[in-house]
Amino acid sequence: MVHFNPLPQETNIQKLIKETFDANLPLSGDWGYSKERATIIDSLPQNMPLSQLQHTLTTIRTHLEMNIMQDPENRYGAINANEKAREQNKSDTGIFDKVTYEITAIKEDLYNTFIKEYKEGYGKDKFDLNVHFQRRKEATLTRKITYYFEVSHIQ
Numbered sequence: 001m002v003h004f005n006p007l008p009q010e011t012n013i014q015k016l017i018k019e020t021f022d023a024n025l026p027l028s029g030d031w032g033y034s035k036e037r038a039t040i041i042d043s044l045p046q047n048m049p050l051s052q053l054q055h056t057l058t059t060i061r062t063h064l065e066m067n068i069m070q071d072p073e074n075r076y077g078a079i080n081a082n083e084k085a086r087e088q089n090k091s092d093t094g095i096f097d098k099v100t101y102e103i104t105a106i107k108e109d110l111y112n113t114f115i116k117e118y119k120e121g122y123g124k125d126k127f128d129l130n131v132h133f134q135r136r137k138e139a140t141l142t143r144k145i146t147y148y149f150e151v152s153h154i155q
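Residues 1 to 155 (my numbering) are what the sequence shown spells out, left to right.
These aren't lab readings, by the way, just hints derived from the structure by calculation.
Just so you know, even glycine gets a beta-carbon here, dropped at the ideal spot from N, CA and C.
Among these hints, one or two may not hold up.
What the hints assert, rightly or not - Quick list of simulated restraints, FRET-style, between CB atoms: (1) 3 <-> 115: 22 to 28 Å; (2) 89 <-> 137: 18 to 24 Å; (3) 73 <-> 21: 21 to 27 Å; (4) 12 <-> 120: 43 to 49 Å; (5) 119 <-> 80: 16 to 22 Å; (6) 132 <-> 18: 37 to 43 Å; (7) 125 <-> 52: 40 to 46 Å; (8) 124 <-> 10: 43 to 49 Å.
Stated by the list, open to error - Dumping the calculated EDC-like pairs for lysine to aspartate or glutamate here, alpha-carbon to alpha-carbon at most 20 Å: (9) 119 <-> 108; (10) 18 <-> 65; (11) 98 <-> 87; (12) 84 <-> 108; (13) 98 <-> 42.
With the hints as constraints, model all of the structure from the sequences given.
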């Protein structure tokens, strides 16, 4: 089983996200590994539903964990997050969404090989599309993660 280390505790995730992904998001807090380390959503960007912002933050955190913070030979590409479960908890400290995602990804070098193979083989008689996608499926890593968001400020 592949293990990815949690991101270090961050004093200003908003600034890090802006510098790394050029996204200006109204956030504070930490990376959402627990209720105590929740990402605090201070407000919603215009025309963005809460679940979309949470999905975006999950994708950012996952790209940092599985790609950017990894050595080149351990990086993953084709990273996708799909929401699987959601619950909201209210406590004395605030309102929290606990969201579980299924993450899928392929080792970056292998993914690049699959893309090249697809581009070069698609439409040719010798290229078996079903075999190609079966091999991609077999090469895909699937993991479940939980992300905690404090949503008190937007309720």
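Q. What are the numbers of the hints that this structure violates, sorted from low to high?
A. Violated hints: 2 and 12; rest satisfied.
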